[in-house]
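Protein chains in written order, with numbering that gives the first Met the number 0: chain A, 0 to 380; chain B, 0 to 347.
Fair warning: there could be bad hints in the mix.
[Said to hold, decoys possible] The list that follows gives simulated cross-link-like pairs (lysine-lysine, DSSO-like), each with its CA atoms no further than 27 Å apart:
{"#": "1", "chain 1": "A", "residue 1": "14", "chain 2": "B", "residue 2": "3"}
{"#": "2", "chain 1": "B", "residue 1": "25", "chain 2": "A", "residue 2": "239"}
{"#": "3", "chain 1": "B", "residue 1": "25", "chain 2": "B", "residue 2": "3"}
{"#": "4", "chain 1": "B", "residue 1": "25", "chain 2": "B", "residue 2": "71"}
{"#": "5", "chain 1": "A", "residue 1": "6", "chain 2": "B", "residue 2": "3"}
{"#": "6", "chain 1": "A", "residue 1": "14", "chain 2": "A", "residue 2": "239"}
Treat the hints as calculated values from the structure; they're not laboratory data.
The chain contents come next:
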Amino acid sequence: MIRVAFKILLHDTAKYLALVMGIAFATLLISQQSAIFHSVMESSVRDIIDVTEADIWVMKPSVETVDQPDQMAELTVNRVRSTAGVEWAVAYYQAVAQLRTSTGQTKSVSLIGVDDSSLVGAPPTMLLGSLSDLRRPDAVIMDAAGFASIFPGTAPRTGDIVEIGQRRAEIVGISHTGPSWTGLPRVHTRRSLAVEFARETLNPVTYVLARSARGGSPEEVASVITQNTGLLAHSRAGFKARSQEWVLNYSGVAENFGITILMGVVIGVAIVGQTFYMFSVENLRQFAALKAIGVSNGRILGMISSQALFVSVVGYCLGIGVASLFFAVFSPQLTGGLRGMFMDPVIFVGTGVFIVFVTLLSCVISVRRVLTVDPAVVFRS
Amino acid sequence: MLIKFGIPILAAVAIGFGAATTIILKPEDRLTTPPNPPASTTLGTDTVAGLGEFQSPGEPIAVGSPVSGVVKAVRVVTGDTVRRGQPLFEIDDREALAELNLKRQTLAAAEARVRRLKAGTRPEDLPPARARVEAASVATERTEDLLSRAQSLEATGAMSREEIRIRSFAHRVAKAELIEAQSVLARLEAGSWAPDIDIAERERDQARAEVQQVETELDRLVVRAPADATVLRTDVREGEFVQAGESLRPPIVLARAGGLEVRVQVDEEDASRVRPGAPAEGFVRGRERVKVELEFLRIEPRVVPKTSITGSTTERVDTRVLFVVYRVVGSPEQVYVGQKLDVFIRAG
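All chains, full assembly: derive it from the sequences and hints.
Below is the structure:
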């Protein structure tokens, strides 16, 4: 009987293709938009993602999102260091500073000051130069995308001298990282230098980065720090979640992507449902004939379900393949807003489950006519 | 045929590609270990962390100059080890030398005066004086003789009363002249008068004291090390003018000899957790994280506004700190005064 079902399905090539393509398109829309949404949300906490050494972030209680820090006194580091369960703690500083090239062009850059001696907070991926070059005088590391925006048409290279905050800076390394929420070029340097680049009069830190002692949970240590110091401490994951929550609350990004993803779902359901309905209706005579020769309704439902399953799986595979092709092409780029975008495996699998579920549901709805068809219809006309 | 098998095969290829891409592109989200991990304590879980700085025992000595003047010579360079009393630099001494010369001449004159007084009468003065006594004595004898002869004739009336009186007066004058000559001789024979010698000696002593005063002033022009020490900084060169008194830019800074100390800044919030005698350890900042053993010295019993110890002269105050001072145990190599270190103090 399954063979018969496939014969019916493949009999009309155009309709078969329309079904597969419709499902593939819906898959593409849903998976790609979800993945981009997820990637953009990851970009909004780029600073947290790029610090791979620390699992605790300590800040002023007023901080809501990683991009809007409040300054603290330098000695705060020692207060965090004094807390039980903290393996180590270092200072971290961010600011927006003015960069000026030798040709006089100015640009705002996102300045990141990492701990002077341990370099905790330094960029995780280096394209040119090495992290130890940061110890040289006036040394900064710039990300490849930022370099391309400041020096258009120039291949990434080291050795350029720029001015940041009217102070000499030498680009000693090129790093690579995904896009950030602000889109500003990212400049990493030692904190002592960063404070000067940002023309600070005090010697502030914006975050204290800490690592929980082996065996301790970062969440527990963070709550101890919060209790003991009167500051606010989050685990890495907790701070990511809090920052992303803030972004979702104060920007339209969730609604924007939500609508697109919903459209994908609606279009998917509509195409699949409608095509299937038409398909079933047009094959009504065949099903009626089957019923006439005594095939039960259950059998027919099984046949139609297997058709739907087959079509949805094939369509999903094609759709997810195209979506992956998109990421495979754009993600490895060094510059551009799509660099570093990726599809989370949850989205990859989840889209499949959703598409198959929706297709089966719509086929069940559209199959009602087949089940109620009178076998006599075969003999009419 | 193409549709029948082509599409499922294409779908299989697509899902395989998709799965591979998803796995490859997914960023790794894993905690990494920093290449040069920050210092962490070995003193247990309950510690107070502070920022420390190496310092010489006590405080650095900013050596000043007692007098203003142009520098004549600098005797040390940065890094020298000096003994107590060793000259550090000298100030132009020409004026003082000239004055010393003058005072020495005055002293010499005073001394000469004393010598002359002590030497007494010139021997050449005595014979004339004796001769004068002899002459006066002879004259007295003669007038006495004349008088006595006249007196013997008085009764006879051979000589007038007036003549006798004249001879009597002449004899008295001669006697008085003899006494004068005798007393002149006696003074010459006695030599100098003791009070005169005393005055001259005092004048000499005064001149000597003045010489010593100028010598002291000369000595003050040489600035010396107040203690055994190492020269931390020399900020003075020959020909420069140094001001007496306190200076923002001391000419020479010394570090007292002896083991290094570590001055630890503890946030006022943590101040109550530091107990006197609490064990501590430090980690020198930098590429090689040298561990330094510390021994408690003292807690400075006041909380002061924190000054940034970045070495800048402009003070940056952002919080208040307690200072705890530790002594460095042993002599770790390649650590210097002013170097910073992360210190952990056992709390409770």
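Quiz item: Straight-line Cα separation of residue 25 of chain B and residue 3 of chain B no greater than 27 Å?
Solution: 34 Å, violated
Exercise. Would you check the hint for residue 14 of chain A and residue 3 of chain B, treating anything up to 27 Å between C-alpha atoms as holding?
Key: 13 Å, holds
Quiz item: Are residue 25 of chain B and residue 71 of chain B close enough, with their CA atoms no more than 27 Å apart?
Solution: 74 Å, violated
Quiz item: Between residue 6 of chain A and residue 3 of chain B, does the CA-CA distance stay at or below 27 Å?
Solution: With a Cα-Cα distance of about 10 Å, the restraint between residue 6 of chain A and residue 3 of chain B holds, given a limit of 27 Å.
Self-check item: Pairwise hint evaluation, residue 239 of chain A against residue 14 of chain A, where the allowed Cα distance is 27 Å at most
Solution: 47 Å, violated
Quiz item: Quick one, are residue 25 of chain B and residue 239 of chain A close enough, alpha carbons at most 27 Å?
Solution: 17 Å, holds
In this structure, the earlier hints numbered 3, 4, 6 are contradicted, and the remaining ones agree with it.
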